[in-house]
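Generate coordinates for the entire structure from the input sequences, incorporating the hints supplied.
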Amino acid sequence: MMERGRVPALKAKNLPRVLRTRDQDHLAIALAVFLPAALIRLALAPLTAWPNDTYTWVRLGWDALAGYGPYDRLGFSYPPGWAAVLALLLWPLLLVLPPDRWALFPSMNISGLPVVHPLFLLVTKLPAILADLGVGWLLYRQARGLALLWLFNPLVVFVSAIQGQYDSFVSLTILLSLAAALGGSAFLSGLACGIGTALKFVPLHIGPVMLAALVHQNVRVGVPRRAIAQTLSWGLGGIIGLAPALVLLSPGFWIVVTARLDLAITSSDGLNLGALRRTPWAADWRFWTDWYPSLSQALLVFIPLLFALIVLWRGEGALIPAVVGSLTAIIAFQPVTQPQYLLWVIPVALLSGSRFYIVTVTALAMPALLFYEGLVGNLLAYVSQPLSMYLERGYAYEGTVTRYLEYVQGTGVFGGPVVSDTIGLIGSLVAPVWIALLLVSLWKALRGGPQEC
Amino acid sequence: MDLKSVRLLSLALLTILVAGSLVLLAGRFASDDAFMVTIESGGVRYRTPDRPFAYTWYLSVACRPASLDQIYVLTDPSIAETFIGNRSILEGFYVHLQANAGAIGWEPSLERLTVTQMRELLESGRPAVIVDPLGYWPAEISPAALRSWIETGGVFIWMGDRIGAWQWTPGGPVATDQPLDHSLWGRSIYDERAPQPLEAVPLPEVQNLGLVYRWATHGPSPQAVAELGGRALGWRTRDGRRVSHAIIPLGQGAVVVFGGRLAMQRGLAAEAAQDIVVILYRGLTDTGAWIRPGYSDGDGESGFWGVKPGCPEAEVIIGSPDRWVFRHVRERWYPIAEHGRSGEYQRR
Numbered sequence: 001m002m003e004r005g006r007v008p009a010l011k012a013k014n015l016p017r018v019l020r021t022r023d024q025d026h027l028a029i030a031l032a033v034f035l036p037a038a039l040i041r042l043a044l045a046p047l048t049a050w051p052n053d054t055y056t057w058v059r060l061g062w063d064a065l066a067g068y069g070p071y072d073r074l075g076f077s078y079p080p081g082w083a084a085v086l087a088l089l090l091w092p093l094l095l096v097l098p099p100d101r102w103a104l105f106p107s108m109n110i111s112g113l114p115v116v117h118p119l120f121l122l123v124t125k126l127p128a129i130l131a132d133l134g135v136g137w138l139l140y141r142q143a144r145g146l147a148l149l150w151l152f153n154p155l156v157v158f159v160s161a162i163q164g165q166y167d168s169f170v171s172l173t174i175l176l177s178l179a180a181a182l183g184g185s186a187f188l189s190g191l192a193c194g195i196g197t198a199l200k201f202v203p204l205h206i207g208p209v210m211l212a213a214l215v216h217q218n219v220r221v222g223v224p225r226r227a228i229a230q231t232l233s234w235g236l237g238g239i240i241g242l243a244p245a246l247v248l249l250s251p252g253f254w255i256v257v258t259a260r261l262d263l264a265i266t267s268s269d270g271l272n273l274g275a276l277r278r279t280p281w282a283a284d285w286r287f288w289t290d291w292y293p294s295l296s297q298a299l300l301v302f303i304p305l306l307f308a309l310i311v312l313w314r315g316e317g318a319l320i321p322a323v324v325g326s327l328t329a330i331i332a333f334q335p336v337t338q339p340q341y342l343l344w345v346i347p348v349a350l351l352s353g354s355r356f357y358i359v360t361v362t363a364l365a366m367p368a369l370l371f372y373e374g375l376v377g378n379l380l381a382y383v384s385q386p387l388s389m390y391l392e393r394g395y396a397y398e399g400t401v402t403r404y405l406e407y408v409q410g411t412g413v414f415g416g417p418v419v420s421d422t423i424g425l426i427g428s429l430v431a432p433v434w435i436a437l438l439l440v441s442l443w444k445a446l447r448g449g450p451q452e453c
Numbered sequence: 001m002d003l004k005s006v007r008l009l010s011l012a013l014l015t016i017l018v019a020g021s022l023v024l025l026a027g028r029f030a031s032d033d034a035f036m037v038t039i040e041s042g043g044v045r046y047r048t049p050d051r052p053f054a055y056t057w058y059l060s061v062a063c064r065p066a067s068l069d070q071i072y073v074l075t076d077p078s079i080a081e082t083f084i085g086n087r088s089i090l091e092g093f094y095v096h097l098q099a100n101a102g103a104i105g106w107e108p109s110l111e112r113l114t115v116t117q118m119r120e121l122l123e124s125g126r127p128a129v130i131v132d133p134l135g136y137w138p139a140e141i142s143p144a145a146l147r148s149w150i151e152t153g154g155v156f157i158w159m160g161d162r163i164g165a166w167q168w169t170p171g172g173p174v175a176t177d178q179p180l181d182h183s184l185w186g187r188s189i190y191d192e193r194a195p196q197p198l199e200a201v202p203l204p205e206v207q208n209l210g211l212v213y214r215w216a217t218h219g220p221s222p223q224a225v226a227e228l229g230g231r232a233l234g235w236r237t238r239d240g241r242r243v244s245h246a247i248i249p250l251g252q253g254a255v256v257v258f259g260g261r262l263a264m265q266r267g268l269a270a271e272a273a274q275d276i277v278v279i280l281y282r283g284l285t286d287t288g289a290w291i292r293p294g295y296s297d298g299d300g301e302s303g304f305w306g307v308k309p310g311c312p313e314a315e316v317i318i319g320s321p322d323r324w325v326f327r328h329v330r331e332r333w334y335p336i337a338e339h340g341r342s343g344e345y346q347r348r
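Top line first, the protein sequences correspond to chains A and B. Each residue of the first sequence is one higher than the one before, starting from 1 at the first, in this note's numbering. Each residue of the second sequence is one higher than the one before, starting from 1 at the first, in this note's numbering.
No lab work stands behind these hints, which were simulated from the structure alone. All C-beta atoms in this analysis are idealised placements derived from N, C-alpha and C, irrespective of residue type, glycine included. One or more hints might be untrue.
[Claimed, not checked] Rough simulated footprint, nothing fancy, chain B against chain A, three-plus residues with beta-carbon under 8 Å:
| hint | segment |
| --- | --- |
| 1 | 56 to 65 |
| 2 | 94 to 104 |
| 3 | 130 to 144 |
| 4 | 166 to 176 |
| 5 | 179 to 187 |
| 6 | 245 to 255 |
[What the hints assert, rightly or not] What follows is a set of in silico ranges between Cβ atoms, one per label pair, in the way DEER data are often shown:
| hint | chain 1 | residue 1 | chain 2 | residue 2 | range |
| --- | --- | --- | --- | --- | --- |
| 7 | B | GLY186 | A | THR402 | 34 to 44 Å |
| 8 | A | PRO280 | B | ARG28 | 44 to 54 Å |
| 9 | A | THR402 | B | ALA12 | 37 to 47 Å |
Listed below in C-alpha cells is the structure:
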C-alpha cells in the first residue's frame, strides 16, 4: 500500500481547500458526486452521437457478427483493445436488438452516415461512462473536488456520453499506471500501460517515464539489482496487458494504420500547433509542409524521452509533471489532434494539485467544444440526430443535414473553407497553451516536484 | 492513491480485454454454417446458413467471363487530384477493393494503372476490368479506343458525375461537350433535365441487390439504360429519373456507371469497393443474369431453383450483401457438350 504523502504532489495540503477529501466523507457524499455524474451521462448517451465515430462501432459489430476480425474489412482503424471491449457488449445487445436495426439510413443521407439506434449508443458508450466514473473514483480517493472537476467537466461528459469516444478509458489506464508507479508497483504500472496501449498508442509514449521513476526509486535506495528486476516486472506487466489485443492483429491493421498515418502526417493539424498552417500568415510558409511533419514526429519521441531522463535524475517527485509534459507533447505534436485527446492529460493534471495545471486543463474544455462546433456548424443539432430520428424531438433531421451541408460549403474567418479556417483559428489560439504547459511541466520536473508557478 | 483500487480496476480491465478478445476469436474460428449451392439437372439447389438474426440473400446465375478476375484501377500519380479534390481516397478505395474481395475468398488480379498503361491495355484488345475512380476521363486516350476495347469484352467502371464530362489534361481538368456516353452509344444515358436530389430510395429487391453505395444524385436515367439493353441497380432518386448503378452492355463487354462520385461529404470508398466486388464476383456485367432475392429470419433454408444458364461460362452465386453476414460462394457450370451432348451445362 502506498504511503499517503510520499510524493509531494499527492499531499492533500497542496490542494486548494475546496478540493480536499475530508475524513468524514461518507457514502452519501460519494453518491451525491457520482450519481448525478452517472445519470447525466446515461440520459445523454442514447439520444446523441457523433455519427462518424459511432457508425465505426456499428461497422465493427457487423463485421464481428460476420466472423471477420476488426481489420479484415478495413472498417476499423483503432488499436484492437477497443474492438475486444465492444465485442463483449455486442453479443448481449444482439438478444434485444438485431443487427439490421443497429443503424438507420435515412433517405436523405447527405453525410453518408446512418443514424445509430439509441440502444446501441447506450450500450457502446457504457464502457467510457464507467471509465469516467473509474477515473472519478481514483481522483475522489485523493480529493473530492478533483473528482468533481473531472466528472462534471463538459468536455469529459461530451466525449464519453455524447460523442461516443472512449478516451476516458485510456485516461483510466494512464492514471492507473501512474498511481502504481507512485506506489512502487512496477508490474501493475506496466500492466495498466499495456492495457492502455491496447486501446490507444498514447500510454506507450509515457511508459519510459513510468519506468524511469521505478528505476530511480530502487537506485536511490542503493539496490540497482532490484531496479533491473523492477524493469523486467514492468515489462512483463506490459506484455500481459497488451497480449490479449495482439492476438487480434492482422495485416489489415497495418494497412489502415499506415493509410491513416500517411494522411494524417501530410495534413498534421487539429487542436495543436500544426493548425497554424491553416492561418493566413502561415499560408506561404513552406516550413509547415517541408519541415513541420518530420519535426513534430521527432518531438513526439524526443520530448517523452527527455522527461524520462529528467525523472531518472530527479526521481518520482518529477513524475507527475513529466507525465503531464509527455502527454502534452503527444497532444501538441501528434499528426492530428482531436479535441477528445485532451482527456488523456486532464486526470493527471488534476492529480498534481497544481493550480496552474488544474485551471489550464479545465479551461481547455471551452476551445475544445468550440472546435467541435466549428466542424459542424450547429453542434447541438448535429449530435442530436438520434433524438430527431428515433423520437422525432428536437431539431428536424432534414433541416439538420441541409444546414450542415450549407455550413461546410461556407466561408470561414480567413476567407477559406469554414471547417479549415475553424481548425486554423481555434488550433492556433490553443497552441500557446500547449507550449506553456510544456514549459511549465519541464520547469516543474526539473525542480523535482509540482510546485506552484 | 490506494493501490487496492488500482489493483481492482487493472484486473477488471484485463478481464474485459481477455474476454472480449476471446469473443472475437471465437467468432472468427468457430465453424459455422455457410451458404451452399450445388448444380443439379434442371437447376440449382441452395442452402442458406443459420444465424441468430435476420439477413437478406441473393442467388444469381450469370455468364461470367474469366476476364472479370483481372482488375485494373486507374490511379496514375501524375493526375494530381480526383474530381472531388483529394487523391488520398484512391488508396483507400484500392485497399478496400482488396479487402472486400479477400473477405469472400476471391483473389482477383488487382493492379494500379497509369494512363500510359491504360492506353496500352486498350490497344492490346485484351478483355479485363478497368475502374476509373478519378471522375475524369484521361484526355490522352481516345474514346474510340475505349469503345473498341469494350466491344471485344472489356468492362469499364466509371465513378463520377456525368460519364467523361470532365477530362484530365496535362494542364488540369477541362470540361468537354462530348462526354463518353455520346462516344460510346451515340446518345445520352442521362435524363438531362432531371434534378439532382440528395435523397435516394431503394429499387425493388431484385434490382437493389443490397448494394451499399446510395448516391443517385448524378446517376443515369433508368429509362435510357433500359433502352440500351442495360440494367439499373441499387437505388433511385425519389422521382425515379436517376439511379445509383447502371450496367449497360456494349458489344461483348459492358460499362458500369455509378450515380455519383467516389466521395461526397466523406469517403465512400468502402461502399463503392464493396459494390464493385459484388458486381464483378457475381458476374452482373451480364445484363441477362438471373437474380433471385431472398430473406431469412435467421433459420437456414434449403431450396431448388429451376434455372438454365445461357452460356458456357455460367456461374451460380449465392450470398448475402448484409455487412453482418457478407459471405458469398459460387459454383461453375461447364457445358455438357464437352461430354457429348450440346445445349446443356453441368457441374464439373
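| message | Using C-beta distances, would you say chain B covers the segment 94 to 104 of chain A, given that this needs three or more residues below 8 Å? | response | holds (count 4)
| message | Tell me whether the statement that chain B covers the segment 245 to 255 of chain A is true, taking a Cβ distance below 8 Å and needing three residues at minimum. | response | Our answer is that it holds, as 5 residues pass the Cβ test (under 8 Å) against chain B, meeting three.
| query | Does the segment 166 to 176 of chain A contain three or more residues whose Cβ lies closer than 8 Å to a Cβ of chain B? | reply | holds (count 3)
| Does the Cβ pair THR402 (chain A), ALA12 (chain B) satisfy 37 to 47 Å? | 45 Å, holds
| For the segment 130 to 144 of chain A, do three or more residues have a beta carbon lying closer than 8 Å to a beta carbon of chain B? | holds (count 5)
| PRO280 (chain A) and ARG28 (chain B), beta-carbon distance inside 44 to 54 Å? | 51 Å, holds
| task | For GLY186 (chain B) and THR402 (chain A), compare the CB-CB distance with the range 34 to 44 Å and indicate the outcome. | result | With Cβ atoms ~39 Å apart, the hint holds.
| Are three or more residues of the segment 179 to 187 of chain A within 8 Å, CB to CB, of chain B? | Answer holds; 5 residues pass the 8 Å Cβ test.
| message | Tell me whether the statement that chain B covers the segment 56 to 65 of chain A is true, taking a Cβ distance below 8 Å and needing three residues at minimum. | response | Held - the segment 56 to 65 of chain A has 6 residues with a Cβ nearer than 8 Å to chain B, which meets the minimum of three.
The structure shown violates none of the earlier numbered hints.
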